[in-house]
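Chemist: Below, each chain spelled out in residue letters.
Protein chains: 2
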Amino acid sequence: MSYFSYLQCSKCGKEYSKDEPHNLCECGGPLLVRYDLHSIKENVDKNLFKTREKGLFRFKELLPIEDEKNIVSLGEGDTPILKADSLGEKIGAENLYIKDEGLNPTGTFKSRGAAVGVSKAKELGIKTIAMPTAGNAGGAWSAYSAKAGIELIVAMPKDAPDLAKKEAFIYGSRTYLVKGLISDAGKIIAKGVKKYGWFDAATLKEPYRIEGKKTMGLELAEYFNWEFPDAILYPTGGGVGIIGIWKAFKELKELGWIKDKIPKLIAVQAEGCNPIVKAFNENSEASEFYTGANTIAGGIRVPKALGDFIVLDAVRQSKGTAIEVKDSEIIESLNLLAKTEGLFVAPEGATLVAAADKLIKNGFLKSTDKIVLLNTGCGLKYANLVEEELQVLEIDADI
Amino acid sequence: MSYFSYLQCSKCGKEYSKDEPHNLCECGGPLLVRYDLHSIKENVDKNLFKTREKGLFRFKELLPIEDEKNIVSLGEGDTPILKADSLGEKIGAENLYIKDEGLNPTGTFKSRGAAVGVSKAKELGIKTIAMPTAGNAGGAWSAYSAKAGIELIVAMPKDAPDLAKKEAFIYGSRTYLVKGLISDAGKIIAKGVKKYGWFDAATLKEPYRIEGKKTMGLELAEYFNWEFPDAILYPTGGGVGIIGIWKAFKELKELGWIKDKIPKLIAVQAEGCNPIVKAFNENSEASEFYTGANTIAGGIRVPKALGDFIVLDAVRQSKGTAIEVKDSEIIESLNLLAKTEGLFVAPEGATLVAAADKLIKNGFLKSTDKIVLLNTGCGLKYANLVEEELQVLEIDADI
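Protein chains in written order, with full-length UniProt numbering: chain V, 1 to 399; chain Y, 1 to 399.
Just so you know, the hints here were simulated from the structure itself, not pulled from any lab data.
Wrong hints could be hidden among the right ones.
Copies of the same chain look alike in the list, so a pair counts if it fits in one copy or across any two.
Said to hold, decoys possible - Taking lysine-lysine and the DSS-like style, the derived pairs with C-alpha atoms no more than 27 Å apart in a straight line are:
hint: 1; residue 1: 339; residue 2: 127
hint: 2; residue 1: 179; residue 2: 50
hint: 3; residue 1: 54; residue 2: 191
hint: 4; residue 1: 253; residue 2: 69
hint: 5; residue 1: 261; residue 2: 69
hint: 6; residue 1: 187; residue 2: 319
hint: 7; residue 1: 69; residue 2: 54
Just so you know, these numbers come straight off a predicted model, no measurement behind them.
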């Protein structure tokens, strides 16, 4: 089923065997999954995927799980791709689409990474996983670990969304709140990993989460009849989604399954935490730690991403860009999206509306471009951002 | 595409034309959609549905939308059906499945009814819809109405879940909170409907919501290779889901598409609001208004359902039963489901775990029966039911 071949360092190219647990390369670089694409090309028909039961595991040849019985699934993937004509009209985009990752289990795209990551952990016989999280990944990994019967230890910022805390708790993870940022939570987890030998599943420290995120790219390519759209906007914190989508593009290109168009990958950040945007504008290969990170979009409040150099490389190679938006624009976008398209999205996803608007106005994107906004989560997790004012009626009132 | 033929009263059998808006029959009975099943049998292959793009509208021949351009979709339907072996082991059910409706847009099965209801309203040229809601239907109809550009007026109990209020508000519905139950909200809406000529979309007062819910039954039949499972447990408030699933069963049977097994339909209610259970036990044709309704499962806090007689008939005809569970059992079930299956569900859905446990223990269900728990919503909307206790760490802490 899987054509998983070996692991390879994204920095120095060193190869690792696929048969035991690995984290980072000796050189500190994140490891990537490599497939025997040559054999896939010979043996697999790309039209096969559509005939299988829905969900991201229908792309099993391009995923690292080798024995189907290890798959831990809650129904993730194959999220809707919706044409957004009303919103498109407001911002002057004639071919605007929203891929709504909020319909994944636990309400965010994090389920994709967790489904593949936890399945592979199960396959490798891992008993305890530990990870820092901004909130949503912790919820997702908690759900899949519960289903898999794997113990999960999670540390998240004390000011993570309430719902993320409740999720980790109800799924039975051992959960800690840290008086700091996700980077601080990461340091505490790293110490625990060293002390107790837990498997470290921090972003990019395990190689399989990317493969789950990659399926967003596979689904997009398939949906648009094996041609990528002109531009994909993505709210960028750790940036694994961009890395995954770019990996999908490169694998599909090598397989000869897609037409030649390169999708512009656009990293969107918040003004209050924009290390990737800064690095992009300064032509740097990597980002610098962003001090004083502050935005309502907690999922992209990542001061320094481990894979920043891969994200920047993907954005540049794809002829994309990096752009920031203000928190006030996020709130406006959140409201606009709900009222025009009937979508109540996460603030991270809402950033994309403001960003697309700017990029059309400044000419970076054409009004006729096929543009995909990749909304990463559902708004239900961010209810505090909605301040409703509703009229209260007596039982016998008239309206 | 649609084989919609006419509307027919569920009480007196009177027929109505499909070409203009209708609410209840003159006799007060809810109207049901009738199809030209004979022509479907002749012209449609049941294996066709699987080849179409996912979502409930792939069953278009058995839905009332006549022109595809009127479809208002946010990606609803085709929710996961998950084998629940860990939970099954706990309660002694070897073939236990959970259909997780929480992965619909707006987080509940209400999206199915809203997708079909709002699409049909658009097709009929309706400009303003009004409805009472316990909360979740208001959220769903608000989202679809926003997408359709239809005005929605919603009234819900003042103590409806916060998230339902925020949803109605952010989607731009005109939203009222009523100091009473859904039945009180219904009276206020009914007065407004009379005064302003809005289209009344209260449960069963418009005929199309059932058709959306029906697709749960179609999906189940298709999933189990065109054979219904032995039992379907359903949290019953208004009961439209049971009515819809039973309608699916009867239509599929008439089409000759399914094997003979009749699925036992099991209506599950809360001890604090159990009018259907009472009526079932007393062998009554209809339920009595339940005074003092009180349960944490707000979606099934319906003191008197308009379609109670159809629900009771379906439960009896299917050789099912009606059963109540305590609020404390709901909370236990919620936790059990999260920890064993990685599913954080709505309290309405959690009732089913306790109910299945009782019905296996008392012998009504066999341990080998193929049992489906139809979870109607995601737990994210009921975060207040989770009281997390988490350890807070300083930045430099060790764990």
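Chemist: For each hint, tell me whether it holds in the structure or not.
Modeler: A quick look at each hint next to the structure:
1. 339 / 127: Only across copies: residue 339 and residue 127 sit 16 Å apart there, 45 Å inside one copy, limit 27 Å.
2. 179 / 50: Neither: 46 Å inside a chain and 50 Å across chains, both beyond 27 Å.
3. 54 / 191: The answer is neither: 40 Å in one copy and 45 Å across copies each exceed 27 Å.
4. 253 / 69: neither (30 Å within a copy, 35 Å between copies)
5. 261 / 69: neither (37 Å within a copy, 30 Å between copies)
6. 187 / 319: neither (34 Å within a copy, 59 Å between copies)
7. 69 / 54: both (17 Å within a copy, 25 Å between copies)
In the structure shown, a violation is registered for the earlier hints numbered 2, 3, 4, 5 and 6, in ascending order.
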